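Number of protein chains: 2
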Amino acid sequence: MKRKVIFLFMLALTGLVAYAQQSLWGGQNIVSPEIHPDNTVTFRFYAPKAVKVQVSGDFLPSQKVDTPFGKADVPGAADLKEGKDGVWEYTTPEPLPSELYNYSFLVDGLKVTDPNNIYVSRDVASVFNIFIIKGNPGDLYSVNKVAHGTVSKRWYHSDALGYDRRLTVYTPAGYETNGKRYPVLYLLHGMGGDEEAWVTLGRAVQILDNLIAQGKAKPMIVVMPNGNVDQEAAPGESSLGLYKPTMQLPRTMEGTMETTFPEIIKFVEKNYRVEKKKSARAIAGLSMGGFHSMHISKAYPDMFDYIGLFSAAILPNKEVESPIYADLEGKLKTQFAKAPKLYWIAIGKTDFLYKANQEYREMLDKNHYPYVYRETDGGHIWRNWRIYLSEFVPQLFQ
Amino acid sequence: MKRKVIFLFMLALTGLVAYAQQSLWGGQNIVSPEIHPDNTVTFRFYAPKAVKVQVSGDFLPSQKVDTPFGKADVPGAADLKEGKDGVWEYTTPEPLPSELYNYSFLVDGLKVTDPNNIYVSRDVASVFNIFIIKGNPGDLYSVNKVAHGTVSKRWYHSDALGYDRRLTVYTPAGYETNGKRYPVLYLLHGMGGDEEAWVTLGRAVQILDNLIAQGKAKPMIVVMPNGNVDQEAAPGESSLGLYKPTMQLPRTMEGTMETTFPEIIKFVEKNYRVEKKKSARAIAGLSMGGFHSMHISKAYPDMFDYIGLFSAAILPNKEVESPIYADLEGKLKTQFAKAPKLYWIAIGKTDFLYKANQEYREMLDKNHYPYVYRETDGGHIWRNWRIYLSEFVPQLFQ
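So the sequence lines, in the order shown, correspond to chains A and B.
Going by my numbering, the first residue of the first sequence is number 1, and it counts up by one from there.
Going by my numbering, the first residue of the second sequence is number 1, and it counts up by one from there.
Chain A with its partners taken away, still in its complex shape:
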């Protein structure tokens, strides 16, 4: 009786989708990815009728492809070999260094997610699988047995934009009960991202929980707003319904995010127990969010003592006229005259924004404006932004 009941439970649940084809005693009871003790990884895919199965992911050397704008790097692909019962397999020849990796399978050229791995992330309109190799930095991106902060999805009303908007708020462990006031990091996403990006792709919650538990970072609140002023919320979380997202949004780097940003600070300072002073406020962002952080911090030079530009999209656009972008050098002069405690610039050597960042640094150098510069390998990728967050956060509010 008991076995039958459990079976029927499983059937009722798994039977929801295509039970007959991915049955409980069928081909999908395989482990993929399997991370071996030596950190080599085996990927498996059940596809008895396939002619070619590949795995593509950022753990493989990248390859060059032709694009309308020249050659570009994309993740490499490795062939799986067909074994018994239609299960294809590939094991990495070398152990993988500790990291959070992503991958997909290519079955006769068709990109699919791994049906044996429920852990998926979305970037704009792509969904892919993830896995973590333990060690450093993988452990920093993992949930550990430490005190955990609270993650809230909350809505605020924007008078300037005329609608309610969603943001993600991380409050550190103990916030709810200890009565203390906390400093705040405003953490901004890039183009195509939203208020979910730093939590999902960026592992910001795990990074903060772990750094705080290790005593390497001050307990702080992290506010992750939606930087697309034409969005109420992330795709699927707004009144637009379940639409297909694109990179193309009407207003992204044209001044509105920057001019309406004080509303977000006002909301946070009214609704959370925070320290309301420059030395307890930080702003950082990746790509478009780095561009926003640069312009917001200089537009409100008394607001932030800590500024982080992660692979910042420092791209003056002459088509855009916004007072926020006018008189860059004059505003920077004011900002640096007020001596922010940390102006941190980080970028990867192969980032397509490297040159734009180099020119910006040359301008800062010419004016003797102090900043800290961090250069890593790699390009315009989340792997770098997780590293930058992990290195930036310990420097805050000290």
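No lab work stands behind these hints: they were computed from the structure.
No farther apart than 30 Å at their CA atoms in a straight line, the calculated lysine-lysine pairs in the DSSO-like style are these: (1) A/K266 <-> B/K180; (2) B/K52 <-> A/K49; (3) B/K331 <-> B/K266; (4) A/K81 <-> B/K244; (5) A/K276 <-> B/K270; (6) B/K244 <-> A/K134; (7) A/K81 <-> B/K49; (8) B/K49 <-> A/K49; (9) A/K270 <-> B/K266; (10) B/K49 <-> A/K64; (11) A/K244 <-> B/K145; (12) A/K218 <-> B/K270; (13) B/K244 <-> A/K49; (14) B/K180 <-> B/K341; (15) A/K71 <-> B/K49; (16) A/K52 <-> B/K52; (17) B/K270 <-> A/K180; (18) A/K49 <-> B/K81; (19) B/K64 <-> A/K49; (20) B/K145 <-> A/K270; (21) B/K71 <-> A/K49.
Computed footprint of chain A on chain B, listed as stretches where at least three residues anywhere in the stretch have a Cβ under 8 Å from a Cβ of chain A: (22) 99-112; (23) 149-163; (24) 242-248.
Derived contacts from chain A toward chain B, CB cut-off under 7 Å, selection only: (25) D108; (26) K111; (27) Y119; (28) A125; (29) F131; (30) R154; (31) S239; (32) N271.
These numbers were taken from a predicted model, which means no experiment stands behind them.
Beta carbons: idealized from backbone N, C-alpha and C, even for Gly.
With chain A's structure known, arrange chain B on it following the hints.
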């Protein structure tokens, strides 16, 4: 320049995974599912090398399959037809009634998610796509332009279990600022579920936001704990890392969830502005969570005035010895002598637990214990549990 920059942005983002194969100008720029104005739906899948492509989902008539325990219902499948450029297509012959549906594709027998639909849900170890047809009840499961509550993922310490555990808390719009005290619904998941299930598969946040905005439900806090006492948190959110989940957990329906439940109430009543009285507490759950709700509510007969058993797994297990399950009739006598305001039982006609619920109701009838009974079509499925939540919540705290 600008076009190139946007292109490079897109490349940097989408290029993370298998750019070359699902390129920006390739075959994946198709719309799927496409919901037409008359509510017929077209599914599209790019697979130039496939021999057979099907869509399987709960919008199709179910089909019988053989299992080791006899015939069982599983979702049906429909054939797509190959069109030009390798894009396969299927359009439903009839408009679909308003509902939240799920589906997957079957490509030469291989179950895959739709690469053109980023909206996925997970049930135990299966990931599948979802879409919503507007109307009733689809609009109730959708984000609308109404005041939104806050959803928090928070951790509490269980002294009884010896570790920190995660729960989901919905606080209604206005909670943070209006100083009022609120009633609380404790909402429990089924076997294989966790503290995420009612939010993802159950659309509880949308249902609550919408019913409260329409004036059909009292503003209330909804607490969604993890009912698997051996789990800190949902898969991927605990220190176990990114493992493959199964239905099989050591302790599920053996008394520990019920005996440790007062810890959760204590945590909530200490940490949230709630009304601390029987008439302001409700408990409800689906399947295993209905079983938990039944036993918790009778174990603590002064605690809950509102009890909801949704497709409850009323399955006495003679192998389990827990004081919580002893003397069922005596405890029910005490519970009903204290006259709870609502004892609500709901189940689908074809649920495999129908008979167990019928026997339970006969026992209640025999003892003249009042309850409200709701019978729907269908079986042990989320479609029913969303309906039950939508009907239960308006009856609470009136």
